[in-house]
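Trainee: Okay, here's what each chain looks like letter by letter:
There are 2 protein chains.
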Amino acid sequence: MSHQRPRIPEATVARLAVYLRVLTGLADGGRSNVSSGELASAAGVNPAGLRKDLSHLGPCGVRGVGYEVATLRDRIAGVLGVERSRACVLVGIGNLGAALADYAGFGSRGFRFIGLFDADPARVGVAVGGQAVRPMEQLDEVVAATAATIGVIATPAEVAQSVCDRLTAAGVRSILNFAPVALSAPAGVDVRQVDLSVELQVLAFLGQQRAAAPVEVLA
Amino acid sequence: MSHQRPRIPEATVARLAVYLRVLTGLADGGRSNVSSGELASAAGVNPAGLRKDLSHLGPCGVRGVGYEVATLRDRIAGVLGVERSRACVLVGIGNLGAALADYAGFGSRGFRFIGLFDADPARVGVAVGGQAVRPMEQLDEVVAATAATIGVIATPAEVAQSVCDRLTAAGVRSILNFAPVALSAPAGVDVRQVDLSVELQVLAFLGQQRAAAPVEVLA
DNA sequence: ACGTGTGAACCGTTTCACAGCG
DNA sequence: CGCTGTGAAACGGTTCACACGT
Chain A
1 MSHQRPRIPE ATVARLAVYL RVLTGLADGG RSNVSSGELA SAAGVNPAGL
51 RKDLSHLGPC GVRGVGYEVA TLRDRIAGVL GVERSRACVL VGIGNLGAAL
101 ADYAGFGSRG FRFIGLFDAD PARVGVAVGG QAVRPMEQLD EVVAATAATI
151 GVIATPAEVA QSVCDRLTAA GVRSILNFAP VALSAPAGVD VRQVDLSVEL
201 QVLAFLGQQR AAAPVEVLA
Chain B
1 MSHQRPRIPE ATVARLAVYL RVLTGLADGG RSNVSSGELA SAAGVNPAGL
51 RKDLSHLGPC GVRGVGYEVA TLRDRIAGVL GVERSRACVL VGIGNLGAAL
101 ADYAGFGSRG FRFIGLFDAD PARVGVAVGG QAVRPMEQLD EVVAATAATI
151 GVIATPAEVA QSVCDRLTAA GVRSILNFAP VALSAPAGVD VRQVDLSVEL
201 QVLAFLGQQR AAAPVEVLA
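Order-wise, the sequence lines are chains A and B.
Numbering follows full-length UniProt numbering, in which position 95 of the first sequence is assigned residue number 95; successive positions increment by one, without gaps.
Numbering follows full-length UniProt numbering, in which position 122 of the second sequence is assigned residue number 122; successive positions increment by one, without gaps.
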C-alpha cells in the first residue's frame, strides 16, 4: 500500500502524534489550512524541523500556501495507524492505574483498555473508568481472547518484572512501564519506560544549575 | 565548592537519577560495591555508557575493582541536589493529580508537595495524599510563602496555559506539564512535557512497523 | 589480570540555507 | 513573492576500543 520504505525516525513519530492532536483541534475549530510556522508554534517545535518531519510522509502541502488541515490530519493518522483500534491491558489499578484507565486522551487516539487487572482482592470487582477490575488469573485468557498487543504496567516496582514476564508470555508485544525499574523482555518486545520522579529530578537539576550560573546578560 | 564547570548533559542527568535509585536499593540490601556491568544491567543501560556518565562527576571508582555503593550513591545524590528538600505545588487534582499527590516515589527523592490546588469547588477541601485541596485563590500566597520553585500541572488542556501563566507570575521557575498542550513560558523558566498518549502512540507505531517487516532472520 | 576512565569513531537528530513549485 | 521540501552542515549523544591504574 504505502511506498515509503525508509523508516521514520522515532523522534519524528513522537512529534507526529503531537501534530495530529493540534491538527484535530484545528479541524474541530473549523480551520481549513495552516502554515508550517503556525503549526510548529502550536506544537512547540521549530518550523524547519516540522517540515523535515512531514517530509518523511512524502509531499503533503502546497508550496507558497501551506497545508490543508483535514488532509494532513488524515495522512498522519494513517501513518500512525490511528484508524485501527488497539486493544490494551492495564495491570495495577492503584491511584496511577485508575487515572490511566480513566484518561480520556487514550480513547480518542484509538486505544481501548479491554482489561484492567490487579492482584489485590480488595480492588477486584471495583468499577474503574466504566469497567470492573479483574483478578490476575484472568490475564492470560483475556489477552488470548482479544489479541491485545499492548500492555501497560502501573504496579509497584517489586512485581513489575513478573507482570512483564506474564504479559509477554501471554502474547503482548509492546509494554509501557510506569514502575520505577528497568524491565528485561525477550527480543521482539518493545518496552517504553515512563519515570515520573526522574522527570522531576531532571527539572530540579536544571533549576539548580540555572540558579548557580547568574551570568547570562544581554549580547 | 565543586570544580567541574563543564555542564552535565541532560540525558546523563536523567540516567544519574536512575543509577541513584538502583544504588539506594543496593545499599539497603547490604551491598558494598558493584561493577559498572552489574550496575548498568540493573539500570537497563550499556556499561560503557554508564562509565561515561559517571566520568562527568570525576573519577569515583577503583580500577580493576568497581564502585563503592555508598560513596557513589552520595556522590550522585550530591550532584543531583537530593539532600535539599524541594517545595512543589500541584495544580489539577483529578485522577492523575491525585495519583501524583499520593505517589511515594517523590517524597523519597526530596520532593514535597506543599500545596494541592483545584478550580473545582467540589474538590476543594477534600483530603488527598494527607493534605486538603486548596482553592486556586490561595496559589499565589502559598507559592510566595513557601518559595516553591517547582510546579506540576495536571489540569485539562484548556486551562493549562493560564495555570502556567499564574505559576510563573507567582515565582515558579520549573514546570512539569501533564496536560496535552505545548506551553509557552517566559525565558528562564524550564518546562518539561510528559505526554502519556504520545508514549502509547509511539509504542503502537513501533509495533505495527515491526509486524510489517517479518524479515529478520539469523545472520 | 581485571575493570575503570577516556579519546575517537559512529550514528541519529537538529538546524540552516536555499532550491523548487505554486 | 511566499512557503514548502530538502540536501548539507553542525550538534549532541552513544558506542567502541584501549590505555591506565591497582
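Hint data in this document are derived by calculation from the structure and do not stem from the laboratory.
Quantities reported herein were computed from a predicted structural model and do not represent experimental measurements.
The C-beta atom is built at its ideal place from N, Cα and C for all residues, glycine as well.
Please note: incorrect hints may appear among the correct ones.
[As the list claims (entries may be wrong)] With a cut-off of at most 25 Å between alpha-carbon atoms, the simulated SDA-like pairs for lysine to any residue come out as follows:
1. A:LYS52 <-> A:ALA101
2. A:LYS52 <-> B:LYS52
3. A:LYS52 <-> A:ASN95
4. B:LYS52 <-> B:GLY66
5. B:LYS52 <-> A:ALA212
6. B:LYS52 <-> A:ILE8
7. A:LYS52 <-> B:GLN193
[As the list claims (entries may be wrong)] Taking beta-carbon pairs under 10 Å as the criterion, some of the chain A residues facing chain B (in silico):
8. GLY25
9. ALA42
10. ARG63
11. GLU199
Trainee: Does each hint fit the structure? Answer for all of them.
Mentor: We went through each hint and held it up to the structure:
1. A:LYS52 <-> A:ALA101: violated, 35 Å
2. A:LYS52 <-> B:LYS52: violated, 32 Å
3. A:LYS52 <-> A:ASN95: Distance of about 39 Å is beyond 25 Å: violated.
4. B:LYS52 <-> B:GLY66: holds, 14 Å
5. B:LYS52 <-> A:ALA212: Measuring from Cα to Cα gives roughly 24 Å; hence the hint holds.
6. B:LYS52 <-> A:ILE8: violated, 29 Å
7. A:LYS52 <-> B:GLN193: holds, 22 Å
8. GLY25: holds, 9 Å
9. ALA42: holds, 7 Å
10. ARG63: violated, 26 Å
11. GLU199: holds, 6 Å
Hints 1, 2, 3, 6 and 10 from the list above are not met by this structure, while the remaining hints are.
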